[in-house]
Structure formats: C-alpha cells, structure tokens
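**Q** Sequence:
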Amino acid sequence: MSEALRDFFGGTLGGMTGILAGHPLDTAKTRLQAMSHFDRGTTYQVLSHTARDEGYRALYKGLSFPLCSTALLNAVVFGVEGISERALKSLWSEERPMLTGFVAGCIAGLAQSPLVCTVDLVKTQRQVQLGWHGDSPVGIFRSRISDVGLRRGAFQGLGPTALKECPSYGVYFLVYEQSKRLSEGHLPTVPATLLSGGLAGCVVLGMIHPVEVVKSRIQALPTSCSHQERTPLYVIRQGLHREGLAFFLRGFGAAMARAFVVNAATFGGYEAAVAAWDGAAAFKECYSYVALSELRKDFSQLWRKSWGRKAPAEAFNAWLFEALSEAAPSSALPAELPEDSEALLTWVTLQIPFQWPYTEDMEVAKENFQKFLEAAKEPSLPQWPGLDALQVEQRAAELKEDAVGTVGTDDSDSASALRLRAFRCFRPLLREALRPHMRQFLNELDSSLQNLREKLESTAQKLSESEYLPKVAVEEMEKTVRLDLVGALPDVEGKFPRRHEIHLGHWQKLRRLYQEEIRRQWRPGERDMVYMTQDPARCAEMCWTLLTRYRALFGPHDEGAGWHMALTQQVFEALQQELGVSHELFASPLNCTLSSYCSLFQDTDLAFGSSGSFFQWSLVEGSYECNPPFEEGLMMKTVQRLIQSLEKATKNAKALSVALILPIWLGSPAMNAALSSSFCQGSLEIKGSNHCYLNGRQHYCKPNHLLLCQAEARGSLLIVLQNLSGAQRWPVTSETLTRLENAWCSSSKRRRVEAETQQKGPFCCVG
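UniProt numbering puts the sequence shown at residues 1 to 767.
Treat the hints with care, as some may be off.
Below are the BS3-like pairs computed for lysine-lysine, each with C-alpha atoms no more than 30 Å apart in a straight line [as the list claims (entries may be wrong)]:
id: 1; residue 1: K495; residue 2: K455
id: 2; residue 1: K310; residue 2: K297
id: 3; residue 1: K371; residue 2: K305
Computed spacing ranges between beta-carbons, pair by pair [to be verified]:
id: 4; residue 1: S64; residue 2: G149; range: 21 to 31 Å
id: 5; residue 1: G206; residue 2: Q450; range: 45 to 55 Å
id: 6; residue 1: L99; residue 2: L420; range: 24 to 34 Å
No lab work stands behind these hints: they were computed from the structure. Cβ coordinates follow ideal geometry from the N, Cα and C atoms, glycine included.
Please model the complete structure; the sequences and the hints are all you need to start from.
**A** What follows is the structure, given as structure tokens:
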C-alpha cells in the first residue's frame, strides 16, 4: 500500500508540475491545430497575439480540468501500468523487460483514454474561445451534456484519443528508460532525468502528431455539427483538400516545445516528490517499530487471557511470519490476518491440554504420553472442552501400532519420536476442539492490529505533510559503523533504537546492494529512485530504516533472530557450482549471499535489490536456493508452491530447479511431501554434528558468535526438486551430493576456526 501511495503522490505532483509548465504551449498548439484564425501563424505569434489581445491569463485557458484531474489520471496510468507489468512478467518471463514494459504501457494508455478524452474535450473547447470571457470548463461540460447527452457531450473524439494514447505510452516508457540508461554516468542525475523525460515526450508526440491534429479538430467542433463532420475520415479529407500533407504538421513546433517542457517537468516533479516522500521513511519506521512492539505485548497479554499460561518465546514470531507471508506487507505490521493459523495451533497445542516438556529419557516420555491422554479426555480450562474418550483411545492405538519398529534404539531418538508422533496424530482432533477459541483469539488480535494500523497510517500522513525530514549520522570506525537517527520524536522517545552499530563489511554490502539496485532500469511508475542515486544521505536513511525494521522483527530479546539464520558462503559456492543456483527465495538484505533474492518486506527491502516476497513472486525458470523459516505451516505452504511452480514450468517447457533446505523432523508433512514428490531428484541428510548456520544477527553479533553449530540431534535435509528440463540442465548425481556434503562439513570446520580467531569487538544494537 505504501508503494502505491508513494507512486500516487509522486505522479500527482509530477503531473501538476508538467501541466503548469506546459499549458501556455498547449494553448498555442491547440489554436494552431484547430483554428483557421491562426492558419499561417507560428508558436511565438500565437502566444504573443493571445497575450496581447486577451491577456496573459488567456494562455492558461482550460487549465482547471487537466489540473484537477491529474491525480486521477496518474493513479490510473501508474496503477494499471504497474499491475499490467507484474501480470505480464508472471505470464511471460522476467527476461523480457522491453516487451513487458511496452505492452504494459499500451494497456495503461488505453485504460486512461476515456478520461483523457473528456478532459481534453473541455480544455480544447475552452482554448479555442476568443477573448477571456466565455463559459467556464464546468459550464462547457454541463452545456454539452445537456445539449447532446453523455456519449457525445463527454467523449467526442474518443477514437483518435485511444489511438493516440495506447501506443504512445508503450513507446514513452521505453524511450525514457533507454535515454536515461545512455545518459547515466555522463550527466548529473537530475539533468539526466529531465532530459530523458523531455526526449521521451518529444519522440512519442512526434510519432502520433497527425492523430493529435485530427483529435484537436474534432474536439474543437461545436455540438451543432453533424455526425459526418465529427468523423476522423471527414476531418482528414477536408484538411488534405485545403492544406495538403501540411495539414498533419499543424502546430508541430508548439507540440514539440510543449512535449519537452511538460515531460521534463513531470519527471522532475515526480522524482523530487518521491524523494520527499521517502525522506520521511526513517521517522515513519520509528512509529512502525513501536507499533510492532505494542502488538507483541498485546499478543502476550491475550495469550495469557485466552490460555491461562505465559506465551512461549517463539509463538509470536511463528505467527507473525505466517501472517506476513499472506500478503506483501507495507510496514512491520501484517497487512491482513488469515482466518486460521497453523503456526498458532502448533504453539497452543504445546501447552493445551497438557504442557509436554521436552525430554531425552524414554521412560519419562512414556509417562508424559499417559498424562497427555488423560488431559485430552478431561475438560480443564474454560478453553479446553475435552475430547471424546473413545476417540482418544482409538488415536492412541493407531499411534502405538504406527510406532512399532520405527523409532530408533537410542533413548533420546525414541523420546523425541514419541512426542512428535503424538502431536501429529492428535492434531486434527485438537484443531477441531480448539477452533472456536482460536477464532476468538484471532478476532481479538485482529482488532488490536486494526487499531495499531490506523494509528500508524495517521502518523504516516502527518509525517508526509511535515517539512521536517530526518537525518542519519554515519560514523565509520575500524571494524564497525554506527548509524544514529538525529531528531526529536517526543511521542515515541525511548521506545525505539536510535543507534545501530553493524560490521563494516555489512555496511559496505548494503551500500553496494543499494547502488546496484539504483543502476537497474527501474520503471518510473513502479519504484524509480534515480533522484537519489548520488546522495549518500539517502542511502544512510534507507539503511537505518532497514536495520530498524529487522530489529523490530527480532524482538526485544532477539528471540526472532533464529528465523534469520543463513547458509555459509562455502555452501552457497557449492550450490552455485553444482546446481547453478542464482537466486535465494528466503533472505533479506542483511543475510543474503547472492545479489538476487526474495525477502519479506517491500517498503524497506526493495531499495537493496529484493525481488519481493517469495509468496508473491513468480518462479518461471532457473535454479534457486530455498531455506524457509523452520515452522511447519510455512514449510508446507512453501513446498506446495514450489510443486505448483514446477508443474507450471513443465507445461511451459522451462527448466526449473530448487535446492530446498528443511529440518529433519520426524513425520514432518512438509518434508514428506517434498520427498514423495515426483520432482524430487535427490536428497542429502546433513547431521547436526557436521554443519552449522550463520547467526541471524550476523550483521552485529560478536565475531565468536557468528557461527551457530547445530546440536547432534538437529540435522538438516537438502532436497533437490527439479522438473525434467531442470534435471537435464543441472543433473543430480551421487558425486554431486558428495561434493555438497563435503562443502557443508568443511564449511562448518572452516567457519568455526575463523570465528574463533577473529578479534572480539562491541557489536550491538542499542536503544
């Protein structure tokens, strides 16, 4: 939502700037094209005669309609263009930017044609009136509707307008992007933007100028003209008869001058407006941080109220990741809540009806199992109605029969297996029994979330209207970099971290990602940030905002950092070499290894090269690494989407490969679904003693905490999912799996040595 508002704000102010700058030339163009009074006049002569005879105000005749409608016009253009481009990318491929941009621009131009026709019609009728006095634009509109009805009164000249708008917007965006790319590195950023916008306007309007002449002639006609006189063919025949081919070039000089001025001013205004909007991002993030902190507290209080127990440390983060994956969030708060929550069910059933503690002793596990069965039968808390005793006994018998010969001989393995199997076996019954109370919990949580969202949106609106922009002070030291937010925020003072201190290497990485993304050909209606390419202060503000967002996600005690762990560099190098991996499906600007990746947040991450959320992104072809958060519901949702993408790639004859990393959890539905899939080309079990992950706090943790080695019993599973084309392109052999295993194991040993030999330093994030 914030991206759409940002584009709407920038597009509206940019459009108004262009209209104000170019309207006198538009008046000259219209009069040259539609009035015989100026048959042999030049642009200068029309401007001077109009100003002398009617006053300078006459140069702005008909201004009110286009000025007032610019917000709606830009909303239509930028909105339809963005939606069309995303749909076309999903339908075709990410590798067709030129064709995708052209077609999306054509669709946007066609969509706005009816509105453009009405605005231009009223504007033209006002501009061809001699003398300052005459009907106002609103009066002209009302009079036409009254005389000839809505269709003729508002849409006279719709055909030529659609013919003009449809291809012109497709070419317009292409010319803008290409001229901007060619001028990059040769001109300062702002002049390059103005020149690119002006050149795009000249090329496009020069191309469709003959259509523009016909449109102006038709729209200048009074309502008393016959249907034949209003047809494009009749206007063209009459024009050619009187003037020859020169008819199509009437007002060409004025049109070119206007095109350059209007489009340069429009793009310049857009860039400046967007930069001003983004300037308040750091301040907005302070309030976003506080809002998420309040939601975390509300969750804990509601948990105790609903279930009579303290919320587990990981419960909120599990629910939050699930909620954020449902829709692309525009802030730290979820955009919407699902009706049911598998993550919430998992953590509730760890406490209700029986809080089954983890143990490695098989005898204790058996005792806990009996306690669990008794608690399941008996109503205890108001939230636990109890299960039918016969159903409980049947499930218990099925569990015992299923477990024969399947658990290991090691007591710790057997105890863990019994606990996991019990939870999975009884989960359907527990879900039905807890459903009413879960719904009530989610409804109350949603009410709290709605209140926080409204407060956050109200605050964001006030900040966007404020002239006071934040400053981020950057202090580079030998091994770390400090980013401090400077500015008073009395409403939330002391409730958010003003300072972030991160490793120098991560600071350099963020700046590199930022600059790389700036240099890409971003579409002006989507997320164009060219205006701030050379501005280090903007990069610092975006970095501070990003760090604050993920600090809020981790929680006050970093309990959510475990969801942010990543594979080591050596493992990624092996995945690239053996399987051609080129994109990470679950990462962030802070923990990504590759420059191409998906991440959770749009508003903070896109500036650093993120492709957006995995769940909103289209996997068409290529080779990917997929390491989702280790939460069963999210993992299952991920596997289902991967399989759907592989099926679609197979139908489209595209090669697709995914290196999926999951935890080895006994009976995990996600793990079983991936292993049993027809797309599974191989799997590799990495034992806990042989591998490690990079700390989720890698950007600011102490060097000796950079590596997190897994416990003996906590292994990981690498599953390679490929369609036939993907398997042929990136074959999985026993040698491939052996080399991957060696990289994983040697990575663990090497990173352990590196972490132990690094000098310790003060790496922290302080409030």
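**Q** Take the hints in turn and mark each one as holding or not.
**A** Cross-check of the supplied hints:
A distance of roughly 16 Å separates the Cα atoms of K495 and K455; the hinted pair therefore holds under the 30 Å criterion. Between the alpha carbons of K310 and K297 the distance comes to roughly 12 Å, so the proposed pair stays at or under 30 Å and holds. With a C-alpha separation of about 24 Å, the suggested pair K371 and K305 falls inside the 30 Å cut-off, and the hint holds. For S64 and G149, the Cβ-Cβ distance of about 23 Å falls inside the hinted range of 21 to 31 Å, so the restraint holds.
Hint check: G206 to Q450, Cβ distance near 51 Å, so the stated range 45 to 55 Å holds. Taken as a hint, the range 24 to 34 Å is violated for the pair L99 and L420, whose Cβ atoms sit roughly 50 Å apart.
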